[in-house]
Amino acid sequence: QKEVEQDPGPLSVPEGAIVSLNCTYSNSAFQYFMWYRQYSRKGPELLMYTYSSGNKEDGRFTAQVDKSSKYISLFIRDSQPSDSATYLCAMSFFGNQGGKLIFGQGTELSVKP
Amino acid sequence: DGGITQSPKYLFRKEGQNVTLSCEQNLNHDAMYWYRQDPGQGLRLIYYSQIVNDFQKGDIAEGYSVSREKKESFPLTVTSAQKNPTAFYLCASSPTGTGSYTQYFGPGTRLTVL
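Line order of the protein sequences matches chains A and B. If you read the first sequence in our numbering, its first letter stands for residue 4, the second for the next number, and so on. If you read the second sequence in our numbering, its first letter stands for residue 250, the second for the next number, and so on.
Simulated from the structure, these hints should not be mistaken for laboratory data. Computed from a predicted structure; not experimentally measured. Please note that the accuracy of each hint is not assured.
[Unchecked claim] If we take Cβ atoms under 8 Å as the criterion, some of the chain A residues that face chain B in the derived model are:
no. : residue
1   : 37
2   : 47
3   : 52
4   : 104
Idealized CB from N, CA, C, for every residue including glycine.
Okay, chain A solo, but in the shape it has when bound:
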């Protein structure tokens, strides 16, 4: 079993839809949770960063962490064609090999106009 599981998709939605992207994990030591967006043939860019449990909102993006269920989510409201990309979840814990991140496989999202 992988430490971090993410549905690879692809996920296709119409413009304006609410998108839900999810990751589950097995290591209860994870404390730091991130979502990255990666456009085709580009490097990942940091979207959201959350420490421990709770919600964090930034514009159309909301990140949720439920440590009791070992489950994290990224919601995108009013999705746009420019949101079409691969979304990677990543997580770590204090003292983990110099800040090593564990990544999910990535979910490919396509937003159709």
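We have chain A already, so just place chain B on it with the hints.
Same frame as chain A, but now just chain B:
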């Protein structure tokens, strides 16, 4: 304009050759990382360095080597010992201290072995 640069963007190599991928950052970050990305897989850690003149193996270090002679630079050499080197290689950096678990990525180098 701060950031991470990787060169070249595309690289072709014949079997049996060593190649070196460049990574430079001007973010004044202490930590630097090399990842490999294959289709349908997440990023896998090759090597990382938290300080100049020191580096550690990641999960898939076999067939790769690195150096960290300057804070800004962390080149990766893909040796002929790497059995399946065709992949997308990503360099990242991170500050140490509070918030250091966020990493910032370069644009990547796509290596193809012919």
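Structure-based check of all given hints:
1. The restraint placing residue 37 of chain A at the interface with chain B holds, with a minimum CB-CB distance near 6 Å, inside the 8 Å limit.
2. The closest approach between the C-beta of residue 47 of chain A and any C-beta of chain B is roughly 5 Å, which is under the 8 Å cut-off, so the hint is satisfied.
3. Annotation: interface hint on residue 52 of chain A holds; nearest CB of chain B at approximately 5 Å, less than 8 Å.
4. Hint status for residue 104 of chain A: holds, given a least beta-carbon distance of 6 Å to chain B, under 8 Å.
When each numbered hint is compared with the structure, no violation occurs for any of them.
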